[in-house]
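Q: Residues per chain, in single letters:
Number of protein chains: 2
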Amino acid sequence: MARKASLSGFPELLPEERLVENHVLDTLRETFELHGFSNIETRSVETKEQLLRKGEIDKEVYGISRLLDENSTTKSEKEQLALHFDLTVPFARYVVENAGYLNFPFMRYQMQKVWRGERPQDGRFREFTQADVDVVGDGALPFRYDVELALVVIESLRKLEIGDFKLRVNNRKLSEGFYRGIGLDDTAGVLRSIDKLEKIGPDAVAQLLKDELGASDEQAQAALNLAQICTEDTSFVNEVKKLGVEHALLEEGLRELEEVVGQAAKRAPGNIVADLSIARGLDYYTGTVYETVLVGHEKLGSICSGGRYESLASNGKRNFPGVGLSIGVTRLVSRIISQKMAEPTRKVPSAVLIALTSDQTWSDAQDVADSLRQRGIACEVSATAAKFGKQIKFAEKRGIPFVWFVSTKEDGSLKHEVKDIRSGEQIEADPQHWAPSTEDLHVRIEAAQ
Amino acid sequence: MARKASLSGFPELLPEERLVENHVLDTLRETFELHGFSNIETRSVETKEQLLRKGEIDKEVYGISRLLDENSTTKSEKEQLALHFDLTVPFARYVVENAGYLNFPFMRYQMQKVWRGERPQDGRFREFTQADVDVVGDGALPFRYDVELALVVIESLRKLEIGDFKLRVNNRKLSEGFYRGIGLDDTAGVLRSIDKLEKIGPDAVAQLLKDELGASDEQAQAALNLAQICTEDTSFVNEVKKLGVEHALLEEGLRELEEVVGQAAKRAPGNIVADLSIARGLDYYTGTVYETVLVGHEKLGSICSGGRYESLASNGKRNFPGVGLSIGVTRLVSRIISQKMAEPTRKVPSAVLIALTSDQTWSDAQDVADSLRQRGIACEVSATAAKFGKQIKFAEKRGIPFVWFVSTKEDGSLKHEVKDIRSGEQIEADPQHWAPSTEDLHVRIEAAQ
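Chains A and B, in that order, give the protein sequences. Counting along the first sequence from 1, when you hit position 424 you're at 424 in my numbering, and nothing is skipped either side. In my numbering, each residue carries its 1-based index in the second sequence increased by 449.
FYI, nobody ran anything at the bench for these hints, they're computed from the structure. Please read these numbers as outputs of a predicted model, since none were measured by experiment. We put the beta carbon where it would ideally sit given N, CA and C, even for glycine. It is possible that some hints are incorrect.
As the list claims (entries may be wrong) - Covered stretches of chain B (chain A as the covering partner; in silico rule of three or more C-beta atoms under 8 Å from a C-beta of chain A):
#1 489-497
#2 823-831
Unchecked claim - Far from chain B by the CB rule (all over 10 Å, computed), these chain A residues:
#3 E33
#4 E148
#5 D186
#6 V295
#7 G301
#8 G376
#9 A383
Put together the whole structure using the sequences plus the hints.
A: Written out as structure tokens, the structure reads:
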């Protein structure tokens, strides 16, 4: 990604960069599965109707049409299909369509490409990978999944060793209850203004609240006081209570947020923040809301966001509430690569190159390769008996640590030697038993110091 | 996939079916990496110019365009981009664009979705996954990679335990040399006719050769004699020689095919066939050609095809020859699922459900989950303290083999018990040390007996 993409907004990785991305995807997969989440994929296309019904035209949807149909004048499938712009809309459709085959609460993760025709810029792409993790219930979904989701994403991000990050959490019930408690009933309007806090500052937000929502000085100040509360433990509860506002919804939101923050602070101290300014636009959220910043990379935007929705999906008769988050894999990986936050220990999977001492030893070399592979040691066989120096250089360029030589002794039997090309040490070895150190066995991704 | 896709040609899997697909993808990845192949992904879109320059309109390419641009009258990006229909065209572009960053011979695998607007039918989809494995050289590529590629795909397919399959191999040089040797110089025309052998039979092919290419009875018969040679070892060499045709290209092709078949028959007997009727359409192949049938599922078509191309890619100055194969993952997986050729041992990743004995034990249950997960044991925690029977049923439905109970003893300390819900056996257990059997640790995919 240091190179310029040949199509703006459609990044492609070199093999050694893809190792980093695969490490991220593997780590997420492993963590999600340890927590019991099942993997699914949805098709890349949805009907335009499905994609646009929430008025999401601003996501800049890509329609698709068969080139063969383009000159057709009839309203064919051409008019109907588009690439998905997130994984939430397809997941909601999938849940409704397959409800009869799923066990609820249904815990799923999904790691796929999505497309948005936005103007490309740092951290924004037209094709990118998201990793979504959600739980969806049939009719009801216990609140505790809001806690579980915070824990699973914190654990996932910790395992990625991307440095310090903060999962910032708030609760819509808390904010809305508070606003109602101070007499501001257009809670969506207040949220919309508060959402601009970081961009325009408190004075401008207060002015907005007064101008657009008719708030009094006291009301505007109270809303701002709430938004400025930000703690790494449950002490926010007292800070809110000190503001002296009372409302049943506020109480409920406080209890919920206290549970999320309390459990996360206990199990993963340092990565959770109760940040009462978090609004997450309007979206569909109805309780917990999450976003995540990489400390020192705040301008990158949130790398993992989500929340609770009382109605993720519905088919008229049944309602499916959900809670979940979406990790911006491409955004994260592009930063890891461009900042060299982590690098692979070599460029290729092979731990060993089996060199050819003569063109006749290729089959013997393949025998060695078979033995090594049966024991999980990745290796490749030289295709030609070039000079040893050239074969060693071939390995060196790729970072392959070992070169294996097969030669024929005077009595006709085979002699096996393996050379660590970093130290130059060369020893006799048995293809049935020799193994590299655990460190050298697989490519590893090392976090920068 | 037993269910009908809600959009014809765009299949979606249930979570337990996706386990089978992931098993296939994981197995391929593992095998390719053991052989030293690096993973890459290319963007999903190419310029239409790139996709159509080989006149591949028959692949029914899907163009994409931003919905916002659809009413625009200017020639915007709308006119330019389309979804790739295979992974070879994008790979060729990637090689040329990144040649300066790659080490040649470049061994890569690539597992991605591709799109074709064809009429959906059994084994044919509009969105499907391919797994491609290729080696590409800079200027030259040693022939031995043709052997290596046969070996890696045979090993991959064997590991999938999909039953008997045959990798059918031929060599373009062999066929073309033979045709020239008998005086038929329109070798492409002969190949096109021979390619119809299975569909229309030998008599009709002979007629075609005579009518369209002006072949004599003897020439037509000779071409058919060659196409009928089919051996599981290198005995095809003598059978060809018995036909008494001589040509330098024929000799070269014979030597090459003998090496592929000889090595594969030695290392993987029973899965290789020298089948001299294989033509693989016209495509770009110039030497070895491969296709693969699943025995008993011949109507499914080839599940893995490819070959050698002297010019996979070129940028004018440099030429990049390659050899590779493409596995039709979706085609294969859809068959595995519909025929129940393999099934997962359970529906979800979790090996253990930590039950709640009361609502207050949730945090204790999370402690147990943490201990198990740290040791790689996937588990989930009940969200509510429902009746034990209900919690056990929750586990049963998903195939989770163990339920863990945490309760408080009279002295205030915790009591841990784990129940194997299949046998009913319940024992005391220590969250720091208890582990399920290796068989129960992860979901496994079991081949049908």
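Q: So, for every hint listed, does it hold in this structure?
A: Hints, verified against the model:
no.	hint	in the structure
1	489-497	holds (count 8)
2	823-831	holds (count 6)
3	E33	4 Å, violated
4	E148	7 Å, violated
5	D186	30 Å, holds
6	V295	24 Å, holds
7	G301	22 Å, holds
8	G376	7 Å, violated
9	A383	4 Å, violated
Comparing the model with each earlier hint shows violations of hints 3, 4, 8 and 9; every other hint is respected.
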